[in-house]
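Trainee: Letter by letter, the chains look like this.
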Amino acid sequence: EAAVTQSPRSKVAVTGGKVTLSCHQTNNHDYMYWYRQDTGHGLRLIHYSYVADSTEKGDIPDGYKASRPSQENFSLILELASLSQTAVYFCASSDGAGGQDTQYFGPGTRLLVL
Amino acid sequence: GDQVEQSPSALSLHEGTSSALRCNFTTTTRSVQWFRQNSRGSLINLFYLASGTKENGRLKSAFDSKELYSTLHIRDAQLEDSGTYFCAAEGTNAYKVIFGKGTHLHVLP
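First to last, the sequence lines map onto chains A and B.
Heads up: the first sequence runs through residues 33 to 146, numbered per the numbering used here.
Heads up: the second sequence runs through residues 127 to 235, numbered per the numbering used here.
Just so you know, the hints here were simulated from the structure itself, not pulled from any lab data.
Note that the coordinates shown come from a computational prediction; the quantities given were computed from them, not determined experimentally.
Keep in mind that a hint or two might mislead.
Derived DMTMM-like pairs (lysine to aspartate or glutamate); straight-line CA-CA distance at most 25 Å [unchecked claim]: (1) B:Lys222 with A:Asp85; (2) B:Lys222 with B:Glu141; (3) B:Lys222 with A:Asp133.
Let the sequences and hints guide you as you build the complete structure.
Mentor: Shown next, in the form of structure tokens:
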């Protein structure tokens with residue numbers, strides 16, 4: 033079973049502050065993803081990566097940066113947090129490309145921006 | 127753009143009964159994944175299908191890439207089946223999947 037962990041599990045941030053969400057996977061997967069989930073909605077892709085030191089924009093990348101320093105680690109960075117970025121953030125990994133292989137999700141990070 | 131629509135948006139079942147959830151696509155897709163999100167918010171992968179059917183216990187899913195939908199059947203529903211079920215379709219960019227908004231399932235005693 034794939035193991036994807038996220039930290040922190042919850043965070044309160046102030047508007048304009050910097051927030052870093054971290055994701056770690058131990059299954060040697062090449063592909064990693066960051067999604068956000070808003071109440072009553074499905075998941076929307078923010079950034080993804082298929083190799084270390086490279087990231088790609090997803091469907092809603094504005095206001096977010098991503099970093100993939102190693103195969104195991106993938107971070108999501110909010111340089112200037114805004115109220116609209118309050119959401120639950122999920123990291124996922126997969127062995128093959130996201131649409132071509134099972135995605136395994138972390139437990140999520142609940143972010144509240146005040 | 128590509129869209130994924132799930133129906134029904136909410137469903138209540140009594141224990142022991144069965145039902146089917148549906149995932150409709152606006153364009154053809156090569157694969158579909160089904161997930162369940164439990165009350166703690168955890169997302170659990172149920173099925174990945176590129177074609178055909180898969181079964182796991184009381185759950186069974188079907189997908190034909192020539193059709194514009196996939197189904198998830200729940201047989202003999204149990205209380206622990208409650209949660210939100212999401213489907214996700216492979217996008218035109220194979221790196222990405224597109225999620226539906228989910229079906230909220232409530233299993234009643």
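Trainee: Each of the hints needs a verdict: does it hold here or not?
Mentor: Taking the hints in turn, this is what the structure says about them:
| no. | hint | result |
| --- | --- | --- |
| 1 | B:Lys222 with A:Asp85 | holds, 19 Å |
| 2 | B:Lys222 with B:Glu141 | violated, 36 Å |
| 3 | B:Lys222 with A:Asp133 | holds, 11 Å |
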